[in-house]
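Make the full structure from the sequences, and use the hints.
These protein sequence lines map, in sequence, to chains A and B.
Under our numbering, think of the first position of the first sequence as 1249, with each following residue one higher.
Under our numbering, think of the first position of the second sequence as 178, with each following residue one higher.
Be aware that a few hints might be false.
To be verified - In the DSS-like style, the derived pairs of lysine-lysine whose C-alpha atoms are separated by at most 30 Å in a straight line are: (1) A:K1694 x A:K1630; (2) A:K1644 x B:K228; (3) A:K1377 x B:K271; (4) A:K1336 x A:K1361; (5) A:K1583 x A:K1644; (6) A:K1694 x A:K1723; (7) A:K1710 x A:K1692; (8) A:K1336 x B:K183; (9) A:K1437 x A:K1451; (10) A:K1676 x A:K1705; (11) B:K271 x A:K1327; (12) B:K180 x A:K1327; (13) B:K211 x A:K1327; (14) A:K1463 x B:K271; (15) A:K1590 x A:K1636; (16) A:K1361 x A:K1377; (17) A:K1705 x A:K1718; (18) B:K271 x A:K1336; (19) A:K1676 x A:K1650; (20) A:K1692 x A:K1708; (21) B:K228 x A:K1437; (22) B:K211 x A:K1650; (23) A:K1361 x A:K1473; (24) A:K1550 x A:K1420; (25) A:K1692 x A:K1727; (26) A:K1687 x A:K1644; (27) A:K1451 x A:K1420; (28) B:K228 x A:K1650.
Honestly, the hints are just simulated from the structure, not real lab data.
This one's a predicted model, so the numbers in the text were calculated from it and none came from an experiment.
Residues per chain are reported as follows:
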Amino acid sequence: MEYEAVIGLEVHVQLKTNSKVFCSCSTEFGAPPNTHTCPVCQGMPGVLPVLNRRVAEYAIKAALALNCQINPLSVFARKNYFYPDLPKGYQISQYELPLAEHGYLEIETPQGKRRIGITRVHMEEDAGKNVHGEFGDPHSYVDLNRTGVPLIEIVSEPDIRTPEEARLYLQKLRTIMRYIEVSDADMEKGELRCDANISIRPKGETRLGVKTELKNMNSFRHVQKALEYEIKRQQKVLEEGGIIVQETLLWNPQLGATETMRSKEEAHDYRYFPEPDLVPLEVSQEWLEEVAASLPELPDEKKARFIEEYGLSAYDAEVLTSAREMADFYEAAVKAHPDNPKALANWVMVELLGRLHAENKSLLEAPVTPQQIAQLVALVDKGTISGKMAKEVLAKTYQTGKDPQQIVEEEGLVQLSDESELEAIVEKVLEDNPKEVEKYLAGKTKIVGFFVGQIMKATKGKANPQVVNKILIKKLQEKGEQQ
Amino acid sequence: MEKIGKAEVLHVAQLARLEFTEEEVEAFTHQLNKILQYVDQLKELDTQDVKPTFHALAQTNVMREDEVRSSLTQEEALANAPDRDDRGFFRVPKIIQG
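Here you go:
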């Protein structure tokens, strides 16, 4: 039987504020344990939490970027459970009246565009960090520095059908969070965390199967792998006549398998109630408009504009807008050389990114400026250097930081475009290779490549390929007519 | 009619990590039922056009600016801890088995 998966994701994004959500402790990462706590985040009796204005602002910004409707009034709630990293015995979250609802985001899959619904976006506080003792040590260790660091939880509709879509959804979410600068959303650093609800059903069935909850997937790759594994596991259970048990599973990256969570208690009975220590949040139309006005151009809009304005393919526009710094880099290059945006896209995506990837560097670390890429493409467009030479020039710019123009001048890298000079070289190459000429004339036209290679060799790569081609075809035709 | 039985009281007690004597369970079962009866009485009012109250104060948007102020020192933070280690962590019984 053919099955389809039904997947919904719950994503936590850490907001990039200076201080915590309900107290003035620093959110700085990596400080010594328990040095960023105060009576409020330690949950001492008699203290009062006060909402950080920037948290509300960032959360609204994120919700708007995810096409949500912002509730004019939203309320904080207590989610009650016991765990050593939660000193108050409850987490301040939102429940009945979340900040925002009814949004969506769009992903580009190999099968086309897909819209994934977003059920809700709400604000909450993070818990502390538990460190488990080595084998044989009967203790765990708790650091409360992270307690009270602001999070938004983004809950998707169960619209995701494949592990690949789940990965694309998360990557898009990360891109958007980075564009609007509310979070760095780095999964490895725990700034973006993802839990998944997943069930399977026979294709065509509309009722939902029993779902399991997957946790502990801390990279995009792990999310995809864990979901792939879980789909296969559920299929096997059903095919063997078993039933799926609703449970929480942990992804074990070492084993490449999901395991039943062995924590003693895992009751989903949180007894939510409105948080009496915090008054409701009212988002006025005025505030909403102010935040909306602060939103930058979002990835989808930018992509559409790149296609329209620069004549890029959908794929190129997608790649170039997948990170804001890349889009900015590209546009700075276009500004410096507006005549050939398509070539610039290629140079940025293929040559520059290729080099950066090989060294595991980001575009922000690129030793080449957008203006230098623009200058390089301009030199090719003017015919001063060939594309092949330009690659060597880029390699030198990359190493030395020197402008392409300067490298070209210093090394005398000028393309040979003089027709009479090239004609003599072409003539000589044809004379030296009479067999190949015969083959060409006999119909093996692909052998042109061989001649071009020989000419390039004779000119040390400096020959202008367009001119060479033109002369070569002309000369070969003449030879054909002479026969 | 009793809305809450002993089993429910014990369940909530378990969630709140509370231990009760047999007499206390009896007493709380009785009291909780009385509270619910009172709520039922309130429910008789027509609240069709009344906005729900989420907070006792008729106030919204009490906020602070995103500014860092000094926190407790590590020693102060750990002062009331039943157990700690030299690195400055709270030490608790092992959370995950294994």
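Hints versus structure:
Restraint check: the Cα-Cα separation between K1694 of chain A and K1630 of chain A comes to about 28 Å, which is no more than 30 Å; the hinted pair holds. As the CA atoms of K1644 of chain A and K228 of chain B are separated by approximately 70 Å, the hinted pair breaks the 30 Å bound. Restraint check: the Cα-Cα separation between K1377 of chain A and K271 of chain B comes to about 14 Å, which is no more than 30 Å; the hinted pair holds. Pair hint K1336 of chain A plus K1361 of chain A does not hold up; C-alpha atoms about 44 Å apart against a cutoff of 30 Å.
A hinted pair counts as satisfied when its Cα atoms are at most 30 Å apart, and K1583 of chain A with K1644 of chain A qualifies at roughly 23 Å. Proximity of K1694 of chain A to K1723 of chain A is assessed by CA-CA distance (about 16 Å); at most 30 Å being required, the pair is judged to hold. Restraint check for K1710 of chain A and K1692 of chain A: the C-alpha separation of about 26 Å stays at or below 30 Å, so the hint holds. Pair hint K1336 of chain A plus K183 of chain B holds up; C-alpha atoms about 27 Å apart against a cutoff of 30 Å.
Of the pairs offered as hints, the one joining K1437 of chain A and K1451 of chain A is violated, with about 37 Å between alpha carbons and a cut-off of 30 Å exceeded. With a CA separation close to 13 Å, the supplied pair K1676 of chain A and K1705 of chain A stays within the 30 Å bound. Taking the CA atoms of K271 of chain B and K1327 of chain A, the gap is about 23 Å. The hint holds against a cut of 30 Å. As the CA atoms of K180 of chain B and K1327 of chain A are separated by approximately 24 Å, the hinted pair is consistent with the 30 Å bound.
For the proposed pair K211 of chain B and K1327 of chain A, the alpha carbon gap of about 26 Å is at most 30 Å, so the pair holds. Distance hint between K1463 of chain A and K271 of chain B is fulfilled; the C-alpha atoms sit about 20 Å from each other, no more than 30 Å. Restraint check for K1590 of chain A and K1636 of chain A: satisfied, since their Cα atoms lie roughly 17 Å apart, inside the 30 Å limit. Our distance criterion of 30 Å between C-alpha atoms is broken by K1361 of chain A and K1377 of chain A, whose separation comes to about 38 Å.
For a cut-off of 30 Å, the pair hint linking K1705 of chain A to K1718 of chain A stands: about 18 Å separates their Cα positions. Distance check on the hinted pair: K271 of chain B and K1336 of chain A sit about 19 Å apart at the alpha-carbon level, within 30 Å; holds. Distance restraint check for K1676 of chain A and K1650 of chain A: the Cα-Cα separation of roughly 37 Å exceeds the 30 Å cut-off, and the hinted pair is therefore not satisfied. A C-alpha spacing of about 26 Å is found between K1692 of chain A and K1708 of chain A, which places the hinted pair at or below 30 Å, so the restraint holds.
Only pairs whose Cα atoms come within 30 Å are accepted, and K228 of chain B paired with K1437 of chain A is rejected, the gap being roughly 43 Å. Restraint check: the Cα-Cα separation between K211 of chain B and K1650 of chain A comes to about 84 Å, which exceeds 30 Å; the hinted pair is violated. Proximity of K1361 of chain A to K1473 of chain A is assessed by CA-CA distance (about 22 Å); at most 30 Å being required, the pair is judged to hold. Distance hint between K1550 of chain A and K1420 of chain A is fulfilled; the C-alpha atoms sit about 14 Å from each other, no more than 30 Å.
A distance of roughly 15 Å separates the Cα atoms of K1692 of chain A and K1727 of chain A; the hinted pair therefore holds under the 30 Å criterion. Taking the CA atoms of K1687 of chain A and K1644 of chain A, the gap is about 40 Å. The hint is violated against a cut of 30 Å. For the hint pairing K1451 of chain A with K1420 of chain A, the CA-to-CA distance comes to about 27 Å; that is within 30 Å, so the pair holds. Restraint check for K228 of chain B and K1650 of chain A: the C-alpha separation of about 68 Å exceeds 30 Å, so the hint is violated.
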